[in-house]
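**Student:** These are the residues of each chain, in order.
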Amino acid sequence: MKQEIQDLDVLIIGGGPAGLAAALRLRQNGIENILIAEREKQPGGILRQCIHDGFGLTRFREMLSGPEYAERFIREAEALKIPLLTNASVTEITPDRVATVVARDGLRTYRARAIILAMGCRERTRGALAIPGSRPAGVFTAGVAQAYINLYNRMPAREVVILGSGDIGMIMARRLTLEGAHVQAVFEIQPYPSGLTRNIRQCLDDFGIPLCLSHTVTKVHGERRVTGVTVQKVDDGFRPIPGTEQFCSCDTLILSVGLIPENELSLGAGVKLDPHTRGPIVNERFETSVPGIFAAGNVLHVHDLADYVSLEAEELADAVTDYVTGKDLPDCSVTVTCDKNINHVIPQKISLRESINLSLRVNRPLADVKVAAVQGGDVIAKKTLKKALPAEMISLHVPKDRILPGKELEVRIL
Amino acid sequence: MRKTITCIICPNGCLLSADVSEPGTDAPVTGAENPRSIDSPVTGTGCPRVIDSPVTGAGCPRVIDSPVTGAGCPRGEAYFIQEITDPRRTLTSSVLVKGGELPLCSVRLTDPVPIARIPDVMKEIRKMKVEAPLESGTVLIRDVLGLGSDVITTKTIRRITAAQ
Chain A
34 MKQEIQDLDV LIIGGGPAGL AAALRLRQNG IENILIAERE KQPGGILRQC IHDGFGLTRF
94 REMLSGPEYA ERFIREAEAL KIPLLTNASV TEITPDRVAT VVARDGLRTY RARAIILAMG
154 CRERTRGALA IPGSRPAGVF TAGVAQAYIN LYNRMPAREV VILGSGDIGM IMARRLTLEG
214 AHVQAVFEIQ PYPSGLTRNI RQCLDDFGIP LCLSHTVTKV HGERRVTGVT VQKVDDGFRP
274 IPGTEQFCSC DTLILSVGLI PENELSLGAG VKLDPHTRGP IVNERFETSV PGIFAAGNVL
334 HVHDLADYVS LEAEELADAV TDYVTGKDLP DCSVTVTCDK NINHVIPQKI SLRESINLSL
394 RVNRPLADVK VAAVQGGDVI AKKTLKKALP AEMISLHVPK DRILPGKELE VRIL
Chain B
22 MRKTITCIIC PNGCLLSADV SEPGTDAPVT GAENPRSIDS PVTGTGCPRV IDSPVTGAGC
82 PRVIDSPVTG AGCPRGEAYF IQEITDPRRT LTSSVLVKGG ELPLCSVRLT DPVPIARIPD
142 VMKEIRKMKV EAPLESGTVL IRDVLGLGSD VITTKTIRRI TAAQ
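Heads up: the protein sequence lines correspond to chains A and B, in order.
The numbering used here puts the first residue of the first sequence at 34, with every later residue one more than the last.
The numbering used here puts the first residue of the second sequence at 22, with every later residue one more than the last.
Keep in mind the hints are simulated off the structure, nothing from the lab.
Any given hint might turn out to be false.
The calculated label-pair distances, taken between Cβ atoms and stated as ranges, are [claimed, not checked]:
1) A:D337 with B:M149: 47 to 55 Å
2) A:E65 with B:K119: 37 to 45 Å
3) A:K416 with B:T131: 31 to 39 Å
4) B:K150 with A:N120: 23 to 31 Å
5) B:A153 with A:T91: 29 to 37 Å
6) B:T25 with A:D372: 29 to 37 Å
Derived pair list, reagent style BS3-like, types lysine-lysine, alpha-carbon separation capped at 30 Å [unchecked claim]:
7) A:K266 with A:K373
8) A:K403 with A:K415
9) A:K373 with A:K415
10) B:K148 with A:K416
11) A:K419 with A:K373
12) B:K148 with A:K440
13) A:K403 with A:K360
14) B:K119 with A:K74
15) A:K373 with A:K360
Predicted model only: the values in this text are computed from it and were never measured.
All residues carry an ideal CB built from backbone N, CA and C; glycine is no exception.
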């Protein structure tokens, strides 16, 4: 049986904030033959379950909830009649950009001139942390608990312990408390919180929920359902200190311990990943190591604000427009690296033709820092910050006339 | 008493301080600056049950007795004054929907309300049951409890059809 292959200019994998913004910009640029493949029943991505506000502050100058932010883009996409295939999972993409999609009506194959990766990210799980103990029901990542409550109208918890002071965990601490659960404490293995101060204030302090730094969960108890967890203090090397064990009686353990870009499809197409971000290595036009395959949003690097995801996706869409209309994309021969104080930098490859905004994160809280772009021993761009937190992405502008050919550019803390 | 809080308006996170008191009582304002980190974690039995009203909101209105120091910009000073004398919060939650494609519609307040009234607003929201179809931005409760904020829907929910 011959599988009919449908041709596309651009296939966008993922109908969340990145995919939607990219599709709108492509259509505005006159690219007609595009398709968004979205695996859920409705578009919007993770924003569907982020009912808290704080979205749209920079983009729309309003304090919107996640669904409202998404709806601005979804309505415009509907008005422009941008093809959207829901309940459609892309199961494979090849280096020559042929995609296999499992849709409601069966298997479909598309060949696209360009593919945009916009699959977002997933949460680190208990398995990834290897927390010992039994495996009862009641261990959820924060996003799963969020989906249960906000999408499925299920209350998954009554007595809660949260491991990890990431923003999602803190936001769920508040949500669970408002819905009648009792959140006993948030434990964080680092000596500093990993989420924003704003969330510590409004999600923990407001409700009297203690934040215990330098602690972790070392055992889960319970047969069918969690009955409690053992928590312990950790030393400088994050090793549990013997003798500090304490038992917390609870029926739920919520994990908020990190987000990982979801790149199974990317790997299948031969896209090279950056071990720091776990997302694709890209150049300043968001093109990956495979020609014609581009990436933006959380699949590339985990963002703090949906507003910046939309901006990034729009820049990517302009690059994809140039690519499918046959314009030359610049040769990006300058490699960007970072020192041990910086967790990662995007993009990892730049040309000399454009000024560039480098996106980066420090790997621990720092005060009164100078972040610098250095080439051949010379500082070519610099930014001074009173505070630099891992939880807040930093943007460093590097003007094109300062970039030298052929030399590695390192971002470092001076 | 000297009160210090971290500003949350922008990433600088300036430490803002001033002398603060609660007129009408001799007791000084209590409560140290967070984030709290405690050496021994709270266990299920020892931890105070979270009560119905948020911790920082309860109590007498406070007065600022000295200029606010530490602010890098005027917004910080305004934030300190607001947070100390009249702390307000927005609220997001969800309401049950009948006959819709989804079982819940998310809602939010249009304006921040006094933090101590958040549990009362939650009680009003919990009472609501709405019918699909529902447009995002629909006012479900106008001027909830006279606090100057509406409760609006933040999702569009279509009516479920026989085909589904």
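**Student:** State for each hint whether it applies.
**Tutor:** Evaluation of the provided hints:
1. A:D337 with B:M149: 47 to 55 Å: violated (32 Å)
2. A:E65 with B:K119: 37 to 45 Å: With Cβ atoms ~41 Å apart, the hint holds.
3. A:K416 with B:T131: 31 to 39 Å: Since K416 of chain A and T131 of chain B have Cβ atoms about 36 Å apart, the given range 31 to 39 Å holds.
4. B:K150 with A:N120: 23 to 31 Å: Holds: the Cβ-Cβ distance is about 29 Å, inside 23 to 31 Å.
5. B:A153 with A:T91: 29 to 37 Å: holds (33 Å)
6. B:T25 with A:D372: 29 to 37 Å: holds (33 Å)
7. A:K266 with A:K373: Satisfied, since the Cα-Cα distance of roughly 26 Å is no more than 30 Å.
8. A:K403 with A:K415: The hint holds at about 7 Å.
9. A:K373 with A:K415: holds (17 Å)
10. B:K148 with A:K416: Measuring from Cα to Cα gives roughly 51 Å; hence the hint is violated.
11. A:K419 with A:K373: holds (20 Å)
12. B:K148 with A:K440: Not OK: K148 of chain B and K440 of chain A at ~64 Å, beyond 30 Å, violated.
13. A:K403 with A:K360: Not satisfied, since the Cα-Cα distance of roughly 38 Å exceeds 30 Å.
14. B:K119 with A:K74: Status holds; Cα separation ~19 Å.
15. A:K373 with A:K360: violated (37 Å)
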